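**Student:** Residues per chain are reported as follows:
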Amino acid sequence: MTVLFDLVLCALMLLAALAAIGGRGLFRATVFFVAYGITVALAWVRLGAIDVALAEAAIGAGLTGLLLLGAVARLRRAGAPEFPVRAGLVPALAAAGVAGATGWVALRVPGAGGLWTEAGEALPLSGVENPVTAVLLNFRAWDTLLESIVLLAALLAVWALAREEEWEAPVGPPLHARPGGVLEGMARLLPPVGIVVGVFLVWAGASQPGGAFQGGTVLAAVGLIAALAGLVALPRPDSGSWRTALAAGPAVFLLVGASGLALGGLLLFPPDWAKAMILTVEVFLTLSIAATLALLVLGPPQPRRMP
Amino acid sequence: MTGEVALAVLLLGPLLAALGCLLAGRQGSTVALLALIAGAAAVVVLWDGMLRTGPIEVRLGGWGAPLGIVLRADGLAVGFLAAAVVVMGAVWAVARHDFATPRARDVFWPSSMLLWGALNAIMVSRDLFNLYVGLELLTLTAVAMVALGRGPGAIEAALRYVLYALMGSLVYLLGVVLVYHGHGTLDLDRIAAGRSGADALALGLMTAGLAIKTALFPFHAWLPPAHAGAPSPASALLSALVPKAGFVMLVRLWFEAMPDATPPAALAVMAALGAGAILHGGLMALRQERLKQILAYSTVAQLGYLFVMFPLVGGAGAGTAGAAEAWAGTQIGAFSHALAKAAVFLCAALWIRAIGSDRLADLAGLARAMPLSCFAFGMAAVSLMGLPPSGGFIAKYLVMRASFELGLPGWGLVLAAGGLLAAAYFYRPLAALFAREPPRVQRTPRLLEAVPLALALAAAALGVLSQPAYDLLQAGAPAYARGIGP
Amino acid sequence: MSAIALPDVLTIVLTGLGLLFFLAGTVGLLRFPDTFSRLHALTKADNVGLGLVALGVALQAETWGQLARIALVWVLALVAAGLVAQLVARAALVDRRLRG
Amino acid sequence: MTGSVVLFVVTASALIGIGLWGFLVQAHLLRRVLAFNVVGSGLFLLFGALGWRGGGVDPVPQALVITGIVVALAATAVALWLVGRFAEETGRADLPEDRREDRQEKSSAGGRP
Chain A
1 MTVLFDLVLC
11 ALMLLAALAA
21 IGGRGLFRAT
31 VFFVAYGITV
41 ALAWVRLGAI
51 DVALAEAAIG
61 AGLTGLLLLG
71 AVARLRRAGA
81 PEFPVRAGLV
91 PALAAAGVAG
101 ATGWVALRVP
111 GAGGLWTEAG
121 EALPLSGVEN
131 PVTAVLLNFR
141 AWDTLLESIV
151 LLAALLAVWA
161 LAREEEWEAP
171 VGPPLHARPG
181 GVLEGMARLL
191 PPVGIVVGVF
201 LVWAGASQPG
211 GAFQGGTVLA
221 AVGLIAALAG
231 LVALPRPDSG
241 SWRTALAAGP
251 AVFLLVGASG
261 LALGGLLLFP
271 PDWAKAMILT
281 VEVFLTLSIA
291 ATLALLVLGP
301 PQPRRMP
Chain B
308 MTGEVALAVL
318 LLGPLLAALG
328 CLLAGRQGST
338 VALLALIAGA
348 AAVVVLWDGM
358 LRTGPIEVRL
368 GGWGAPLGIV
378 LRADGLAVGF
388 LAAAVVVMGA
398 VWAVARHDFA
408 TPRARDVFWP
418 SSMLLWGALN
428 AIMVSRDLFN
438 LYVGLELLTL
448 TAVAMVALGR
458 GPGAIEAALR
468 YVLYALMGSL
478 VYLLGVVLVY
488 HGHGTLDLDR
498 IAAGRSGADA
508 LALGLMTAGL
518 AIKTALFPFH
528 AWLPPAHAGA
538 PSPASALLSA
548 LVPKAGFVML
558 VRLWFEAMPD
568 ATPPAALAVM
578 AALGAGAILH
588 GGLMALRQER
598 LKQILAYSTV
608 AQLGYLFVMF
618 PLVGGAGAGT
628 AGAAEAWAGT
638 QIGAFSHALA
648 KAAVFLCAAL
658 WIRAIGSDRL
668 ADLAGLARAM
678 PLSCFAFGMA
688 AVSLMGLPPS
698 GGFIAKYLVM
708 RASFELGLPG
718 WGLVLAAGGL
728 LAAAYFYRPL
738 AALFAREPPR
748 VQRTPRLLEA
758 VPLALALAAA
768 ALGVLSQPAY
778 DLLQAGAPAY
788 ARGIGP
Chain C
794 MSAIALPDVL
804 TIVLTGLGLL
814 FFLAGTVGLL
824 RFPDTFSRLH
834 ALTKADNVGL
844 GLVALGVALQ
854 AETWGQLARI
864 ALVWVLALVA
874 AGLVAQLVAR
884 AALVDRRLRG
Chain D
894 MTGSVVLFVV
904 TASALIGIGL
914 WGFLVQAHLL
924 RRVLAFNVVG
934 SGLFLLFGAL
944 GWRGGGVDPV
954 PQALVITGIV
964 VALAATAVAL
974 WLVGRFAEET
984 GRADLPEDRR
994 EDRQEKSSAG
1004 GRP
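These protein sequence lines map, in sequence, to chains A, B, C and D. Mapping the first sequence onto the working numbering, position 198 (from 1) lands on 198, and the numbers just tick up by one. When you read off a place in the second sequence, starting at 1, and then add 307, the result is the number in the working numbering. When you read off a place in the third sequence, starting at 1, and then add 793, the result is the number in the working numbering. When you read off a place in the fourth sequence, starting at 1, and then add 893, the result is the number in the working numbering.
Please keep in mind that the hints were generated in silico from the structure rather than gathered at the bench. This structure is a prediction, so every number in the text was calculated from the model and none was measured. Heads up, the beta-carbon is just placed ideally off N, CA and C, and yes, glycines get one too. Heads up, a few of these hints could be off.
Unchecked claim - Sample of chain A residues lacking proximity to chain D, with all beta carbon distances greater than 12 Å (derived):
#1 D51
#2 A55
#3 L66
#4 W104
#5 A154
#6 E168
#7 V182
#8 L189
#9 V193
#10 V196
#11 Q214
#12 S241
#13 V252
To be verified - Across the chosen pairs, the derived CB separations fall in these ranges:
#14 L772(B) / T983(D): 26 to 36 Å
#15 T983(D) / L15(A): 50 to 60 Å
#16 F829(C) / R77(A): 24 to 34 Å
#17 G25(A) / A348(B): 55 to 65 Å
#18 K837(C) / T408(B): 47 to 57 Å
#19 A92(A) / L772(B): 36 to 46 Å
#20 A817(C) / T280(A): 44 to 54 Å
#21 P174(A) / R946(D): 50 to 60 Å
#22 R188(A) / A870(C): 36 to 46 Å
#23 P174(A) / A348(B): 30 to 40 Å
#24 L255(A) / R889(C): 20 to 30 Å
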């Protein structure tokens, strides 16, 4: 019975992907992409990887879809022409070749069983109960630290796109929310719920599915609603407080990692202090991730031209 | 223990400095200077520790492979860490005056520190996925620098760069997924210990992805506009350091992680692509009108040199003395290219600030007004051509001798042809610089001109004093690189 | 078939009904001529459909925590659907007035 | 491997193929970034499906996929803002080498990857 459900889900995924890539209009392609992202998140739920399903839905479908929608609007404002999908035999053969070879090798070669046992044995020493959080913030903390720096590097690349004279202007698109309108009502109602859900996700990350990235994304979404509704002043790239928020997470992670040197090893979390150190890092990391993701969506400072 | 502290300074230092630069704003360059001084000291400590006790290995978080990430500073890594610090220091000296506007300053200094940190992380990492995240950080900082360029094509160059880089990293990641499926681990040494049916496809995918990131011919289309479009000090970083990360990863994958998955035909294909890069880059450089475009295509060609060693080190020649020579020669060539290419791009930076353009016609007779930087350009060009006395010459000599010893003279001739082409495309700028007419030029402080000169002299010194570099490379080099049988 | 427990029967019936409403909403989306009637169909049918499905799933919930979460999902979906429908309608109005 | 995991492995490979085809053949830059994301999510799904055992997925691939999703978002954001800025400056949404009318008179030496 469940294989039937998976069959339908996989068919939905493939159809949504084809529609997203081959779709006629750009807006239609983006909408299908978000739908595709949701079906992939469902596939992760079917595989039993709830943490990844949360991340895929929040970041893969949600934020990426938001960025795509923003880009479609900007392209339309810039008057860039849309043109139909082009067919091509050679690229099709190349793509089919890579995909076919990958699928064939993945199915034919017996798996080496992965790191289930090692992760299981080391979990009690990691200071958290959720194995995924243990891998992210203890066993492979160096990856996660570099990843939070990658977000900052991406933001710097996006800010580099601002024109020289716009550097003092606030980031984000020109706002046209009616004061006291529906969007402002929404911006007053949703943030409290969003903050509770976001903080819960981060706190639960230690023992159940959740974590800094999933929680940070929810908080970023809440911040965006408040900013687009005009409740929160749009930040400027040179504002000290926002830069501190951006740098706080990676900085704390670096300092905690460096403190490990005194305890006998780089990025070492001794078992009895591990939970406290990981939670401290996670709190600041969530703050920075939320700020960086929101600013990534708002984009470089843009001139205040009226719509 | 001091080795681990030095490694920590080199890995966490640049990242902390980047955050410092972001918060410091105007004092960004001073924060960067402090990080560079600490980094230089750490490299000296590592170099010394390396020679005495061999490679320094750090098991992050105490976990070790396969669960945790292992870092190892071997000869190759320390060599590139040293080259990176020297190039970063030189770029700092020249760029201090360049990025005056708040936008340029607040993006360049944090990005340059992140680029340096990412490069250090890639050179010492022994974990495939950690290498992926490091490579992605390196790429995004490089794209930020290209986007800083004020020229008309800067945005288009940055966009093409990001598109190529996106697909390159995904194709690499697909290879990593297959390796994890087959071996159950991501650590290079544990992968070398095991065998898996997926190795051939995985190595092919990872190589294709890294070839795009290293701009190996025919995937080089993004490099020339990006390196010509970026601000000159940034171009020095991009050309001298960024492609080397992809190259080092390829070397580790082909010769340390999966030596058995590399048939002689595949090795020959890599060298053939390298030869293609040398010829295509050289010929295209001959047809460019602007100095930075010539230098960018020169990078495409010089990257080709690095891949000629593949059939000599792997395949039939594996484990012989000739293979060790080819390997050591190529790495010394990579170090000297980093120094020399940074020198010529910094010269370009000084000239563009002095006369406002890098067109060959406008450079006429510049040597009379700025003799020091023109001499530095000449010295660096000598190294890039591979003429004595320079690191480039030693590298070419070692690899050519190895190719003759191993009975594959064809690749040696390719290097010779590359040297001739380099001489050809460097002749026109040199002729313009040392032409007769005196140009009108704004005073550039002599001290600034000494910076590229120092780099060019370092590249030349690498030729004369190549023994320390050779010893460094041998200390902690894997078996294939020491002429000991696999 | 062995006797299915009452809550399971109710769950199947409720989710089935809910899907019917979703189907009606989708048909409305495809068939109706202009934006406003489509919005009308979507918000009405889909919200009732979601309510029924939520009720059906709520019967399977073991702990109060799960029940609260299902209720939260339903309330949030209702609020979001209502507000977004308002915004889309306003945008359509502005768009129509601009295009005359 | 039970049936449904084989199904996910096959679907993931197909998604990689669809995305790669979309990236190589499309000229419109936004569609190419979208295709990049399809390849990314397909690749991560393959990573998770191959790590499936008993009731769940091996925690290490899960953590790596979460890291990969965030890195892919960072790269996508940079790419999309570059596309927007490129369109504002040139009024076009495709790179010069991909434009249909340019391809006729220029024999595409070297070709695209």
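**Student:** Look at each hint and say if it fits the structure.
**Tutor:** Right, here's what the structure says about each hint:
no., hint, in the structure
1, D51, "violated (6 Å)"
2, A55, "violated (5 Å)"
3, L66, "violated (10 Å)"
4, W104, "violated (8 Å)"
5, A154, "violated (4 Å)"
6, E168, "holds (18 Å)"
7, V182, "holds (27 Å)"
8, L189, "holds (27 Å)"
9, V193, "holds (24 Å)"
10, V196, "holds (22 Å)"
11, Q214, "violated (8 Å)"
12, S241, "holds (22 Å)"
13, V252, "holds (18 Å)"
14, L772(B) / T983(D): 26 to 36 Å, "violated (50 Å)"
15, T983(D) / L15(A): 50 to 60 Å, "violated (34 Å)"
16, F829(C) / R77(A): 24 to 34 Å, "holds (26 Å)"
17, G25(A) / A348(B): 55 to 65 Å, "holds (58 Å)"
18, K837(C) / T408(B): 47 to 57 Å, "holds (55 Å)"
19, A92(A) / L772(B): 36 to 46 Å, "violated (55 Å)"
20, A817(C) / T280(A): 44 to 54 Å, "holds (52 Å)"
21, P174(A) / R946(D): 50 to 60 Å, "holds (51 Å)"
22, R188(A) / A870(C): 36 to 46 Å, "violated (19 Å)"
23, P174(A) / A348(B): 30 to 40 Å, "violated (50 Å)"
24, L255(A) / R889(C): 20 to 30 Å, "violated (57 Å)"
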